[in-house]
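Asker: As you go down the protein sequences, you meet chains A and B in turn. Heads up, our numbering is the position in the first sequence plus 21, with the first residue counted as 1. Heads up, our numbering is the position in the second sequence plus 21, with the first residue counted as 1.
Be aware that a few hints might be false.
Put simply, identical chains are the same to the list, so a pair is met inside one copy or across any two.
[Unchecked claim] 27 Å max Cα-Cα, derived DSS-like pairs, lysine-lysine:
id : residue 1 : residue 2
1  : Lys140    : Lys152
2  : Lys34     : Lys157
3  : Lys140    : Lys157
4  : Lys140    : Lys156
5  : Lys34     : Lys152
6  : Lys34     : Lys156
Worth flagging that the hints you see were computed from the coordinates, not collected in a lab.
There are 2 protein chains.
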Amino acid sequence: MGFDIHPMTAGDKPQLMQLLAATPEFEPAEIPVAEEVIDAYLARPGVDYQVLVAEESLCILGYICFGQTPLTRSTWDIYWMAVAMERRGRGIGAALLRRAEDSIRRAGGTLVLIETSSKPNYLPTRRFYLKNGYKKSSRIVDFYAPGDHRITFEKRF
Amino acid sequence: MGFDIHPMTAGDKPQLMQLLAATPEFEPAEIPVAEEVIDAYLARPGVDYQVLVAEESLCILGYICFGQTPLTRSTWDIYWMAVAMERRGRGIGAALLRRAEDSIRRAGGTLVLIETSSKPNYLPTRRFYLKNGYKKSSRIVDFYAPGDHRITFEKRF
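Extracted from the complex, chain A is given alone in its bound form (with noise of 0.2 Å):
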C-alpha cells in the first residue's frame, strides 16, 4: 500500500487543513466547520470524535472523522471524510473507511451512517459508498439548497 493509517495529532493539523481547502468537493463555507471538529477531537480525542489519517513520507494523503450518534443505542456516523484529489484510486479511501469500521465495530456499533449530497460532482462519491458495500437509506429533497438532496447511505453489523 505504501502508506499507514493512524489516529491523526497535532502535528498532522496544518498539513490537512491545507488538503482539506484543496479538495474539490468542498465548499469554502464547510471548511470552518470540518475544522471546528478536527479542533473538538484534537481536544478531546475518541470522545464525540475520532480522526484517523493516512500518511506516506510524512504527506497526509486523506482523512476519516468519525463518533457515535448521541443519543443512540449503537449508530454511529461517519461525519467527514476525504482523500487528496491526486492521491485517488489508490484505495486509500476505501483503506479509511474499512479502518474506521473495524473501530466502530469494536466499540460494538451495529449502524453507521454517512450523509452526502445528491450534487452531481458527488457521484464519485456516492459510488465509493456503493462500492464499500453501503445502501441508500434515505434521501431528503433540497436538504442542502433547492436541487441538492440529502442522501444518507448505511451498513448495518
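Take the given structure of chain A and dock chain B to it, following the hints.
Answerer: Here is chain B on its own, set in the frame of chain A:
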C-alpha cells in the same frame, strides 16, 4: 390563551430543567444533552439555537428549541420540544410550534425537519406533528436502539 410565548432567558433555566426532568418521554441520558443545547443558546442566543418558552403567571409550561441546520441554505431543525404533562391539551405545543415556524419563515427558511422516535410512547408526539401539517419524510430503522426507529418529519414553506 392565558399564556404567553417569549425567548428564553437565563432566569427560566431552573424551572425549564425541572420540566424536562419530569417529561416522561425523555430518557435520563437525554436531559444533559438538552441542557448543553440550552446553555449554548444562553451563551450565544440566536447563533446556533433559538429557544422559546410558554409562560403563565411566572410558570414555565413548555419550550421549543430550533435553529438553522449547519451547511444548508434554508433548512431548519426543531431540535427539542416539550410541554409539561399536566398542561397538555391546551394548544401550548401548537402555539410554540407556530411561533417557531413564523420565526423560521421570516429568516428565509424553506424546510423544517423534526426527528422523533417510533416508540409507542411517542405516538401522541407523532400525531401532533401530523396534525400540525408535517409529513413523514424518512425513517431509519433501529437508529436509536433495536426496535426504536428514527422518523423524520418535514414541512416546506
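Asker: Sort out which numbered hints this structure fails and list those numbers smallest first.
Answerer: The structure breaks hints 2, 5, 6; every other hint is satisfied.
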